[in-house]
Every structure is written in structure tokens, then in C-alpha cells.
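Here the protein sequences come in this chain order: A, B, C, D, E and F. Taking the numbering used here, the leading residue of the first sequence gets 1, the next gets one more, and so forth. Taking the numbering used here, the leading residue of the second sequence gets 1001, the next gets one more, and so forth. Taking the numbering used here, the leading residue of the third sequence gets 2001, the next gets one more, and so forth. Taking the numbering used here, the leading residue of the fourth sequence gets 3001, the next gets one more, and so forth. Taking the numbering used here, the leading residue of the fifth sequence gets 4001, the next gets one more, and so forth. Taking the numbering used here, the leading residue of the sixth sequence gets 5001, the next gets one more, and so forth.
Hints were generated in silico from the structure; no laboratory data involved. Nothing here was measured: the structure is a model prediction, and the numbers come from that model. Fair warning: there could be bad hints in the mix.
[As the list claims (entries may be wrong)] Only pairs whose alpha carbons sit at most 25 Å apart, straight line, appear in this in silico SDA-like list of lysine to any residue:
no. : chain 1 : residue 1 : chain 2 : residue 2
1   : A       : K321      : B       : R1129
2   : E       : K4318     : A       : R182
3   : E       : K4290     : E       : S4127
4   : D       : K3290     : D       : P3247
5   : E       : K4147     : D       : P3247
6   : C       : K2321     : D       : K3290
7   : A       : K318      : B       : L1250
8   : C       : K2234     : B       : R1129
9   : F       : K5290     : E       : A4160
Number of protein chains: 6
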Amino acid sequence: MTADTRRFVSQLAHNEAVSQVFLASEKQLRPNRNGNLYLQVDLSDRSGSVNTRLWNASEADYKAFENGDYVHVEGATQLFQGNMQLIASRIRKARPDEVDEADFVTLQSAEIEQMRHRLEEILRSVSSRPLARLAEGFLKDDQFMAKFCRAPAGMKNHHAYQGGLLEHVLSLMELVLVVAPRYPQLNRDKLLLGALLHDSAKVDELSYERDIAYTDEGQLLGHMVLGVTLLDEKVRQIVQQDGQPFPERLLVELKHMIVSHHGEYEYGSSKLPMTLEAIALHHLDNLDAKIASFSQLMKDCPNVDSSWTQYFNQIGRKLFKPASEE
Amino acid sequence: MTADTRRFVSQLAHNEAVSQVFLASEKQLRPNRNGNLYLQVDLSDRSGSVNTRLWNASEADYKAFENGDYVHVEGATQLFQGNMQLIASRIRKARPDEVDEADFVTLQSAEIEQMRHRLEEILRSVSSRPLARLAEGFLKDDQFMAKFCRAPAGMKNHHAYQGGLLEHVLSLMELVLVVAPRYPQLNRDKLLLGALLHDSAKVDELSYERDIAYTDEGQLLGHMVLGVTLLDEKVRQIVQQDGQPFPERLLVELKHMIVSHHGEYEYGSSKLPMTLEAIALHHLDNLDAKIASFSQLMKDCPNVDSSWTQYFNQIGRKLFKPASEE
Amino acid sequence: MTADTRRFVSQLAHNEAVSQVFLASEKQLRPNRNGNLYLQVDLSDRSGSVNTRLWNASEADYKAFENGDYVHVEGATQLFQGNMQLIASRIRKARPDEVDEADFVTLQSAEIEQMRHRLEEILRSVSSRPLARLAEGFLKDDQFMAKFCRAPAGMKNHHAYQGGLLEHVLSLMELVLVVAPRYPQLNRDKLLLGALLHDSAKVDELSYERDIAYTDEGQLLGHMVLGVTLLDEKVRQIVQQDGQPFPERLLVELKHMIVSHHGEYEYGSSKLPMTLEAIALHHLDNLDAKIASFSQLMKDCPNVDSSWTQYFNQIGRKLFKPASEE
Amino acid sequence: MTADTRRFVSQLAHNEAVSQVFLASEKQLRPNRNGNLYLQVDLSDRSGSVNTRLWNASEADYKAFENGDYVHVEGATQLFQGNMQLIASRIRKARPDEVDEADFVTLQSAEIEQMRHRLEEILRSVSSRPLARLAEGFLKDDQFMAKFCRAPAGMKNHHAYQGGLLEHVLSLMELVLVVAPRYPQLNRDKLLLGALLHDSAKVDELSYERDIAYTDEGQLLGHMVLGVTLLDEKVRQIVQQDGQPFPERLLVELKHMIVSHHGEYEYGSSKLPMTLEAIALHHLDNLDAKIASFSQLMKDCPNVDSSWTQYFNQIGRKLFKPASEE
Amino acid sequence: MTADTRRFVSQLAHNEAVSQVFLASEKQLRPNRNGNLYLQVDLSDRSGSVNTRLWNASEADYKAFENGDYVHVEGATQLFQGNMQLIASRIRKARPDEVDEADFVTLQSAEIEQMRHRLEEILRSVSSRPLARLAEGFLKDDQFMAKFCRAPAGMKNHHAYQGGLLEHVLSLMELVLVVAPRYPQLNRDKLLLGALLHDSAKVDELSYERDIAYTDEGQLLGHMVLGVTLLDEKVRQIVQQDGQPFPERLLVELKHMIVSHHGEYEYGSSKLPMTLEAIALHHLDNLDAKIASFSQLMKDCPNVDSSWTQYFNQIGRKLFKPASEE
Amino acid sequence: MTADTRRFVSQLAHNEAVSQVFLASEKQLRPNRNGNLYLQVDLSDRSGSVNTRLWNASEADYKAFENGDYVHVEGATQLFQGNMQLIASRIRKARPDEVDEADFVTLQSAEIEQMRHRLEEILRSVSSRPLARLAEGFLKDDQFMAKFCRAPAGMKNHHAYQGGLLEHVLSLMELVLVVAPRYPQLNRDKLLLGALLHDSAKVDELSYERDIAYTDEGQLLGHMVLGVTLLDEKVRQIVQQDGQPFPERLLVELKHMIVSHHGEYEYGSSKLPMTLEAIALHHLDNLDAKIASFSQLMKDCPNVDSSWTQYFNQIGRKLFKPASEE
């Protein structure tokens, strides 16, 4: 099914018959009040997800597919309390030929390619010799770049989808390109490498083949500590390759940008930013992340006829979306 | 004495004879251990200030000038513990013809004029009709503009000198000009007005004819509450002038940017930022203020032969200045 | 139906047939486990509210009335887990002649009139000339007084019902009358005006025609900032009327009482109380609000045979109600 | 020397010859820059204290008196930087006949007697039988009452002088008398006993024969924990005397008022207030303490020609004293 | 039914017929979507608890037993979403002869006896004369010891079962025995008494005949304040018995260990630890409590095939259980 | 001068003539009130330090030695305000033959050797194969062990002297040896390695040849992040040497113990402890550090005739030292 014919989750209306493929997650087998079992599962595509129920389900139904599988579903939509729900009459694992992956990714391969190209372009504008060597070391590392272009920037909040890390890092670099010239005391090249490195270990902190989750080392060490190790390994590699040393203090400064970029101890920074570039990186990262996550919260909010979103515990407030005519 | 011949405070070396005009502040009459009195005073020009002592002083010496006066001083410099000190043999009130005000201001009239011109240019690029009317209302208010171009942005921390408010606001607007286009969901015009308005009541919160100090209403109400009143008055004025109403909700949004721009309750914001523009303004303001204040702390630090500044209580850290060759 | 014959929510017992009018809110259409829909709604009168269900409901049932409507309900009560529930067999919009508004308001018109009369009496005892002028300006403003007598003091916590603002402000003034004489250093008249003004902008922060909710400007600016604007407008008005200026510093002090009355930054005060009256007002307001809200929490608690209320997250504790014989 | 002829510390002017008795504290022997020693000591009477220096002092001068002694001093006053200082030519221990104790106490015996009388009057108005028994138990305990009438309410902040505890407790009771009737849900008698008990163990937490200081058990346990023990002992005593039991739960409630009266964990309360009386007591205590301490800070502030006091670290703000004509 | 034949809750598998005795708690009568009622109850033995439902229940079923009763249950297990559930066909109050109390206690009488014996052994090794007297006073107090051996150490978190207090205190004493010798500056005997006393008033703070709950005085005063009273009473008793005084300062030190053992104000300590023994006791208590509670959380976690537990709000993290082969 | 004849700083009494070698630090040239200069310097040996002044000093005196130099001093002691001071008549750089290094180190070479030997003994008792390999890798690394045995455990607080790191780590291991057996769920070998590793990067975080100071990388990255790098390098080394892989997850667990050992975000931990060993290590480390630092504070306190130390800002309290007879 192509994007032309597919009914995306965000397009579903009340009382609509459905027969197409979704990505399954969070499946559960539950008893109803009469002791009969039903299956509950979240079905999603790139536009969103819909809570789905299969009444009178069996354990066989429950075991017929795994979370992360593509499933073919027949059923009908039902609206109540403003929320859309899907009542399924049948759920089965989808055949590969039924799946168009493009329906399930937020960022298309072409978009990702384009962003990667721009990232390379920017990094190749770095004029500091050791920083350019380092950037090149990452750009030529196919395995790293493959993961870097696929990883999300987080579990939730901002850029929490495949390719989100690349998107966030590129957005940050573009900010550096326009903001750094306004402050002559800032070193643009250090800032660009800081942008590349600060979240780079998200490639190891998270797993993101289908579901997005923390890896064990991600949960136990975090992307800031993992980022220092990742940088150490890359520097050792390029030093081995070209036989030239990497400036010690510059390396320490880069690591400092990584471990301090959350800005405050309470957000897991083990050090407060102490260099101008570390301070600027923290604020630029914060700016990009907050605009992205608040925009996302506004966009996802189901209160369509209100200027106000619901109250979000994680940010301690509601958000206000002015009418567009203003 | 012109800037050509003057020895600026930042240029004074050990054992140098001094005979020129300074701005006096923080004068005190103190007894030494033998019960004899001496006069202590801070003498400054636009490049910095130097602690000065007049041994064997009398109450007459103490009363011969006021804080905020220009004084002519004869004496010699003396260095110890890395700090420069001035031992005065004579301090008297300066005659007007001895004073070149340009020696005592951080920003020259020409610089201020240039910044004001650029501010007008930017504000006249606002295309939203009501926001352009509002901006024009401020630009044409000579009394407001005179104060706005003279006020500092604060008592200490960043931009704490005459013209500092204009400098900070303009810097923020330039940021808006390059950052807003990167986020289509942001309304550039609202952000520009937010930049103009957020600290505008510093013109009333502070007094800054010679010394910088809080006014009574500044201390009791703060520039965020005063800013709402200032905006209300301006809107009433322009509505009276052109007889057209000002959009209610837009006004509320502008006020919201003012009262929320410190971002957190603990910094005196009575509301958290709830619109995208309020969030962006808070982070851009923070970015500009932090880069300015940390740069200033590094510049002012007397530890000349160290990469580290002293520990600053107000930011809970030392700062690190990498050697320039990096 | 008059209060004599009505069965108030607080009087309903198990297995009682019900056929009378209620105020509807929080209606929802939900599916049960078999996919059949039911309607859930909160029905209230001035004594409390009861959760109600209409099994096998249709979308027509859902659309037959709005939240905030008076509805006539037939059904029967049912007790389980100590909670009363109403199982409705029929819910329809009530005819105006079926509704006795007195059944639905916490405070009767007569009570409100009496409180308003007492408020006027107290305010007219103010002897300071400018403060008396200001008080009179509010008392003669019919539109303001109408809203002031109808507004609640909050969304939840204390005095969260129509007339609650008047009740709270009057209670606070009565406290001022007995407490101020004990501290000669306190200015009784300033405190009385502070009591009037501190929450006065709740008339604009909240909407309270039927449901109590935040207005847009209330949510974005808060009653402290709105209160300063409201005071500014009133002062401008009375100055226009009698042609005499209002003392500048006194006005700043009044505004300071408004913006600092929550006492701490974390509760949204943009300034800490710095005058004796501001400090006293904060503590008296706190005293009245806490006694009112804790009393309410104790009264509303359904744990009838326990000295302990449930645990309340918002105050971080349970409350203890000693047996009355003590 | 009687109060008629004495020059109180608060009356001393510049260049005044002094020859009278003071109370000594904080004495120190210090070297000046030439290695010569001088003696520094604080000299006080009930109106305040003045920093005093005896140049060219010896260890014998240092040992000639103790902190807490009355000393006779000859010397002359000297004003600088707005502070009064006393340059002594001679300091010796005073003879008993030279000392009029009335010059050194804030509260005169007659005032204390009058307050004690009023305290008894109020406590004897308690109608609850067990609470009246308890109150009587304290009133008839001469040893307790002697300490209670002599103790200060604290080391610093509010009521930090002999008799201050009685003054604070009585002020709180007077508040209870006027405030409790406004809230029928409050038990006036419990509140009166709470007022008596809440700080009662300050008689053991502090030592206050001459200097005010913490006792070991005061520092290690605090007046809230000590207050529970003190109450337990008193109850055991009255039960032994009249052979009647004291109601268990009432005793727990009284103890709860003691241990929770600081209101928040961070101020050392081991429990949050959970009864209405505990909540009311906390807020009334806070009201009385804050008005007393802020008034004191304003009164003691040496900035005579300014409406602003200095910045006080302990309360995180300056205070504002409006001109009296307002 | 003996432990040999009983199927413990932790052993129950899917689709297993059940007919045996459980301890009932948290029973509720609830309507299902059709308005029919069902009974929900938690059934437990010493190995854990299982959520149970009796469909189509009546009020008579609800009233047939009380929380805390032993009930005989017939039904069958059912697994879904990884959770075991019991669908009961019949629930009746159990006859005494059906109940083997050993099935319902975490710690057997013999274990408790053994721990009590070891506790006595350790306490009798105290060589300080007054501390040995005090320890003996508790050991010979049969009523105290009976409660002390039965009480839990808390409502939840660590050692929250009958005998848990003894287990925790003994574990702490064993720590003291091995740790104190490593720090010669620590007084082992004071630490042993501190271990005995610090939580001793949990015997009064909690009720634990069947359910574990707070007593009124426990909730209103807490075990730290109650512990001081309990110690005072014991000291008075032993002084009466042997006519010798108890050293004052030592008593204050013991009380200080009690009131400061939570270590921080925010955890309800009214004083911070100020003696070496108080500091050591706080950290040892913390060590034992944290290891016990984190081990329990790991053990109770139903995520059997994951190294990670769920996220626990109370500790702000997930826990990681490495595979045993490591 | 040997330890037999030397007067250690801690032994100096009033009015004692001094002529011996000290270690100099914190030297400053200051003017006195007459404009004459004097030299101030801290002189120390292993027993403590004494503030010293050389009146009428010149810049030549100031430049005659550096901080960190051994200097020979002639002068006399002088006591005032309870503090010992040294008035020097001459200060010159000491000749190497005048210096006995043993007078200036807290821990003697023999003590350090003994501790190192015990450390090796304990680490060689590790039975887990990979952990034993790792331990051996460190023990055989002479360069690492030399630094490890010389480094302090901190700048101030606990074990802030050369050899302090070894002393602290060994003390922690001894705790592990006695505490781990009490909790079978704890892995003793992981804990021993955790003890070795947790502060191991203090060898790089600090410089400690003479003065103790932070290195640049220490200040910018901290010993937790540096410790992960140090561990990575060691593992790479041993894997290269014996060609066997190191278990991945075990390595992650060890790193987790390093990065979480401060226990809370606010103390710079970038992760909270999530394994039982990480939790135990945090609490044992805390126990050892707090006992060491509080003991040191008590020992260093100059209030010799009081049970109370001064108030320490860093721990928010005074400390109480009971008389020894107790």
C-alpha cells in the first residue's frame, strides 16, 4: 500500500472501515469483567498511533505477533471522549510484500541523505587542522555514520524518531553557523565539533532498530560518559592512521563540552560549563531542543478546538497556541 | 586630558606617577591602628577602577567631594599581591574643563547613535501591522528613547554600563534575525517586539545618571511588572492617537513574553514561558546574557598568567580561558 | 423543587430512587468491554457531586445536553467501596421552571449582599485620604463590584465557588481589623487596601459564569500582574474624576503588596515582601487560606469513620480530625 | 548611675567623653601592624552596643575582666564611615554599687511582671478541664515560671533578649484571643496551650544568665524535642498530684503542635502540621515572629537617611521603610 | 495445610486449581460495566500476594469476612500481561484449624528467637557501665521485648514485615561489631545502644497485629520524637530501681543519635548528626536499609526475563540485576 | 633537624623562639596602614600550619622563595585570640641538607609501603578471573602504582595529603572485607574492584608533587569521567597482553560504579547507583569519608576548652566532642 492510498492514523475518522498494515507495540492480553480475554495493542505508522482492541481474544492471538512486527489489521474506528479507537476483528502478522517502510518512518531516506550531505559540507568547512582531522575521522567511519544517521536524539521529548539525532545535530550546526559570527570571542570550529560530539554517543546509548529503547550501557553510563569513550577511540584511531599527535588540551576541551552540555548537575552534567564554547553549546542545544519539543507537544495535542494544550507534568505547564490569523 | 594622553586605569603599571581626573565612588573615612584616619575611595574611568588611599586624611578631605563626582588626583601606583593600588597625596574635586566625559563612558555617543540607528532599521522591518504600530510608538517617543539609549542592562553581571541596555537588546534582535528563519513555527515579528520589550522597563527600574542603582519602584516591583505597565501606557497612547484598537490577545502575548522571560520561578518569573516565542525569547536572552557576562568575567580576571579565573560564587565555578594559539 | 423537598447530593443514601434536577459537568461517552457505549457524567448541587452512569447510551444521549447545563435525572443510587454512585435510566435537559438556582450555589444572594455590605462598611472606615478615595473608586464601580461579588477565590484549594473571592477578602479584612491594632508599626489602612487589592484581579484571571476556569490572560499573566494593571486603571480613573494626583510612592507600595503577596518566588511572587504591610498581608492571607482549605479538605473527606483524611499530594500529608468530644 | 544621667549607647554622638559602666562581650587581644597589641571589646547597654578599642593593651588588660562582666570605661567616641566607635583609655571591672541593672535589660521587671500577670489571666480563661489543669501546673511551677519569664525567644532574629520568650508567647496568645473567634472550627483552648508550649523548652535550649547562648542539650536536641520531654514531665507531675489521668489523645495533639510548629521539614519540624490548631499555630507564630524581627531589623538599621535598609542575607532582601508622612 | 503441601503464592502457575487458605486485605465491592457487582481482594501468604476477583458477588459476599481475616478460597489461576490473577468461585472465612500461621509470617518464631538471643548476646558485651544498665533495662522489659520482636521496621521500603525491626536492628549491630573496630575514634558501646534505640519507637509508631499501619501518635509525632520519650521512661525506671543517677550528657548524646539518625532535615531529622557516633549510625543505618530495600525491590520485580526492574518513583530509577554467571 | 629535636607546629607555645625549616605557601606582600610593606606566609610541617608575618619586608624578601619551597625561619611565636602566630625576623630558602622530608609528610614511606602491601594482598584474594586479571594489571603498572601511592584523596575534606588516596582506598577495602560477608547478595570481588577504581583517577585529577591542586583536565572533566578513561586504557592493555577478551557487561558495571559513586546528581554523579554493588560502594565510601573528615575537623579545631567546634559552613553545623571520660 502506498502513501497515496493508505489511510494514515492521523487521517482516520469515526466509523471508518480499516484493512491495512500497522506497526505493533505494547500488546497486552487482558480479561474483561466477565473473565473473557481481549487483546490490546498500539498500532502506529509515521503519522501517529491508535489504541486498538480485539475482543474475545485467545493466547494464540496474543502470540501471533511480537511488538515491533508489522501486522495487517481489519476492523473499524470508533470515536468517544474525543479519542479515536480501533476495534479490530482480525490481526495477523503482515507479509513483507504488504509493507511499505516509507509509511513508517518520520524521515525518508532521501531527507536523511540530504541532511548527511549538508552535515559533511559544514564539517568540511572547519579550518582548524586538528579539528578538521577529527571531523574527517568520523565522516569516513561508515559504521559510525550509518548509526549516526539512523539513531533518534532521545526516547521521548525532542527528535525521538529514527534520524532524529542527525536532524538535531544538523539544526544545532546551522545555529552555530549563524550565531558564532555574532560573538568574535567564540571559536566556531570548536563549537561545530561540540555540536557533532555532544550527543554522538546516543548511537550507543539507545537501541533503535525498530523500537527505541535504552541499551544496558546507555542506562548505566549515559551518553555523556559514553561520548568521552567514543571520542577517545576515534582520536586513538586517527593518531594511529596519520602518526601525528592530537593536541592534549584541545581534546580535554572537547570532552568538557560533552560532559557539561546539560548545563546543571541536576540534569546529569558531571561538570558545569567552564569554557565559552561549552556555555554557548549548552544554551544553543537547549534552544533547539526546547523549540523542537514544545512544537511537538503542541502538534500532538488532541485539544483541537482549544488554544491550550493539556497540562504536561514534565514541563510543569500548559502550552498556548495562538490562532494563526494573528 | 584627551584619551590620547590619559593613562587609563587598565594601563597603569607599578611605581607610576599619576596626575589626572577620575570618577569617585565608595569613599570611606577609616582609622588606622594608631587611631589616625585615612581616606579610601574607588577611582575609575571607562577601562576599570583602582582602589585608592589617602593616608592621614581629615573629615575635610572626606567631605571635599561626593561619590559620583569627578576628582583630580595626584599620587603614585603600587603593586602588591598582583593588585594595583593608588597611594594618593592629594584628591580634589575636578573643574568641568578638566573632564573629558568620553574617558568615562564605555560606549561613545557615536557608537550609541549607530546602535540606535540599527535598532530603528530592524524594528521598521516588522511587517505585522499592530506590532509595527507599537514599535513606531516607542521609536517616536523621544523621552523613552533617550532613556532607553542611556540605561544599563543591569546592576552587575552583563552590560552593566550606560548604553548597555541598548547594546543587549540590539544584540538580541540580531540573534532573532538569524535564528527565527531557522524555525518556521516562530513568529519573527513577535520575537523582535519581545526583544524590545522584555527589559524595556530597566529604564525605570534603575537610575543611571552617574551611579547605577535601583529606583524605589524598581526594587519594589521589578522590571517585569514595570514593563507591563510601560507597555499598557504605550498601547493606550497609540490607540488614542490613531483611534484604532490594539488586538487584545496579541497584547496579552506580548505581556506574557515580558513576565516570563526569566524562564523559572526562582529567577522572579511570575509565569513560565507558555508560547513558542516566549520560550525562544527566554533562551536567546539567556544565551546573549551568559556569553556577555562570562566573557566579561574572563576579561576582568586579574590572574594574568593562568588559564583559570578565580572561583565566582554567583556562578558556582571557575572559568577556563584556553591559550589563544589553540 | 425547593430546598425543602430536594434530596441534596450529600443526603443521598443507598438504593434511593432519584428524580430531580442537577448541574452536569465532565460528561463522557465510553465503550464498555463489549463495545457498547455508556455515558458518564458528574452531577452536582451546592452540597457536592455524584458520579453518574447511563448504561447503553447513544451519541444522541451524549449530545442532549452540555457541561454546565441543568439536567433532570431519573435513576437510583448504589453504594460500593464506600462511594455513592447514581445509575441513571434517563437524563434530559431541564426546563427553566424546574430549576431553583438556590439549590446550586454555595453562597446565597442574601449572604453575598450581607458580605458586600460589611465590606463597604469596613472600607469606609479608612481614614487615609488617598486610600479612602481609592476604596471609594472600587466601591462605586458597579461593573467591578458585580464581578468581585461573583468570582471565586480560586480554581481549587480554598474558596473555590462563586462568591468565594468576596468571602476570602472580607475574612482577611476582619483579620486586619483585629490584628493590626496589636502592632502599632503596621498601617491598618494600607493593610485594608492590600486585602482588597491582592486577589482583586481574580475577577479577570478566572471565568466563573457556570464552570470555574482560567481565562487566557489569567493563565498567561496571573492575577498578580493583572492586579497591577487593574489598580493602574482605577487610579487613572479617579485622578481623571477629581483632578487630584495620587501619591506616587503610596501607589508603588500598594502594587508591591499585590506582586509580593505569595511570599516566595516558588509560588510566583516576582518580589519578596519588603514592607511591613506586605509581610503582614502575606502571612494573614496564608493563615486565612490555609485554615479555609484544610477545613474544606477535612469536610470533603469521605473517610467518615476515621480520624484521618486520605493523603493529599498537594499538601504532602494526611490531616487529622480529632473526635468532637475532646 | 541612673537612667536619667546615663548616656545610652544609642545617644552617643561624635567626640563625646565617656565615663560610665557597660556590659562587656566578645573581647579580643589583637596585634596591630607594628606588632603592638590592642584590646577590642563590644560594650553594650539595653539600647545597643558599640565597638571599643584600647590601644597599647597588655595581656593583663585582657585578663582584667570576663565577657559578661560589667566594666567601667573611660574614653571618647569617634565617628567614621557612619559608625560610632569608642576609643578607651581605661577599662576596669565595675564595682557592684556602680551598676544599675535596669540600664542593661530591655524589659524592666515591672513590664515582665505585668506580662506575666496578663499571661496568667489568659490561661485561667481556659475552660477545657484537662487543659486548664495543665496550664495551672505550669503557672504554679515557680522554677519554670522564673525561667520562662527570663528566657529570650531566640539567639538572634526576634525577641532575642531576656523576657523575650514571655513577650513573644503573650503576643501570640493575644493573637489567638482575637483570631480564634473568627474561625469556629478552631479550638481556642488548644491554641492557647499550643502558644504556651510551642517554645516553652527555650528555657532549657538556651542559657541566658548574662550572655545568650545554646546549652549542649539545646544544640543537640532543639527546643521542639525538649518541649515534648518538658510536657511529659509536667503531665506526669499533675497526674501524680491529683490522681486523675490526662487524656491520651489530647496529649498527643499538644505534642504534635510542638514538633510541627516550624511548619516545614527544612526548618527542623520533624512533622508537618496535620491538625487545624497546629496549622493555625504555625501561621500565627510566623506572623508574630516575622513582624517582630523585620521591625527590629528596620529599627536597628544605621542607614538613617535612606528608606532602605542594607541587604540582609538571612532573609534574602532589603527592607523598605516608607516615610512617616504617608 | 502445612508448608509441604501448600502452593505458595510465589509458586502459582497458569491455569492451576486452588483450594486453600490466604490472608485477605484491600477487599472492595465494585460494579462491572453491566451494573453487576464483583468482589476484588488481595490474597497473600508469606511468599507474596495475588489479586483475586469473585465475579457476580453480593454485599453478603463482601461482608462475609474482614481485611486481616484468614479466608479459604476456591478458584483457578489465570495469567495475562505477565501478571498472575486468581478467579475465585468461592471465598469464605477460614476455620482456625485450617490455618497454619507459619505459612503467613516471613520470619518464623524460631528465627525470631534466634535473633533475639543474638541481640541479647551482643548487648551484654557492652562494657560501659551506664550503657550496660540501660541495655539490661530494655532486655528485661518483657512487654517491650515482645513488641520489639514483633514490630516491622516500616510500612514499606525495607523490613516491612513482622520481626523486621528486630532483623534490621540486629543487622545494624552486627555491622557495628565489624566496623567500629576499624575506627578507634568511634565508641562501640554508644553505637550499639544507638542501633538499639534509633528505631525502637517503631513499636509505638506502628500497629502490626495483622495489618501494618501507623498509630495516631506514630503519624502525629514520629518514631524519632516517640523514641526520646521511650528512652526517658526507661531511664527513669532504671534510676528508680537501682537508685543511681544516669549520666546527663550521655543521655543527651543517646537522644541526639535518635533525633538525628535520618541525617537530613528533609527526611524529618530535627537535628543534623553532630557527634561521630551519630554520623556513623546514620550512614550504617542507611547502608543496611538501602541494601535491604533495593534487594527487596529486585526480588519482587515481575520482569523475570529482563535484567532491569521497572522504574520506581520513590527512588527515581530502575535497578539492574546482572545475570548470575558473571 | 630530626623529628626528635624539631618543634612541630602543633607543639608551639606562646613566646617561643623559633629557628628551623618549614614548608612555605600562600605568600603575599601587603602594605600596612603606613604604607610600609610586610610579608605574610603560611608555614607548615606535617603537624599543621601557622600564619607568619615578616614586618617591614621588601619585594626582594617576597621574591626570595616560592610557594612550595622549604624555608628556614627565625622568629618568635605570639598568641592572641587563641590563635598562634609567628613573627619572623628572617626567612630564607633552606639548603637541601637542612631539610628532613619526613618532617613534612603525614604518612611515612614505611607506612605507605605497608599499606601498599596490604592493598596487594587484598586484591590478590579476588577469585573472579577477569577481575583478578584487571587488579593484577593495575598492581603491575609501576607508573600507576607510584602515582596511586602518592596522590591525596582530595583538595580538602578527607585524606587531603600525600598517600591519602591509598589510605582511603585501603580503608574502604577493609570495610568491604568485613561488610560484604554480611550481605550474601553482594559480590565481594566487584566491590573490591569498585573500591580500587572509584577514586583511581585522582592520580590525574590532582597534582600533588608539593602543593595539592587540580590539574586542568581534573577541573574540566573530574575524576569520575577520567576514571572511565583510565579503566578503558587498562582493559585495552591487558587484553592486548593476554589476548583474551574482557567481559563487556562486567566492564560496564565497573564503569557504572565509578560514575555513580557520589550517589546523587547534585554531587556530580551523572548516574544514580543502579546495581547493588554500586549502592553499597556509595554508602561505604560515604561512611569512610565522613568519619575521616569529621574526625579531622574535630582534631583541627582550635577551641581547646570547649566540647564544640566552630560552625562549619561546608557541613552546615558545629560538631560536638564529648569529654573522654564518658
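Tested hints:
1. Our distance criterion of 25 Å between C-alpha atoms is met by A:K321 and B:R1129, whose separation comes to about 20 Å.
2. For the hint pairing E:K4318 with A:R182, the CA-to-CA distance comes to about 44 Å; that exceeds 25 Å, so the pair is violated.
3. The suggested pairing of E:K4290 with E:S4127 is violated, with an alpha-carbon distance near 30 Å, which exceeds 25 Å.
4. Restraint check: the Cα-Cα separation between D:K3290 and D:P3247 comes to about 34 Å, which exceeds 25 Å; the hinted pair is violated.
5. The hinted pair formed by E:K4147 and D:P3247 meets the criterion: a straight-line CA distance of about 23 Å does not exceed 25 Å.
6. Taking the CA atoms of C:K2321 and D:K3290, the gap is about 29 Å. The hint is violated against a cut of 25 Å.
7. At roughly 18 Å between alpha-carbon atoms, A:K318 and B:L1250 fall within 25 Å of each other, so this suggested pair holds.
8. Among the hinted pairs, C:K2234 with B:R1129 is inconsistent with the structure: their alpha-carbon atoms are about 30 Å apart, more than 25 Å.
9. The hinted pair formed by F:K5290 and E:A4160 fails the criterion: a straight-line CA distance of about 29 Å is larger than 25 Å.
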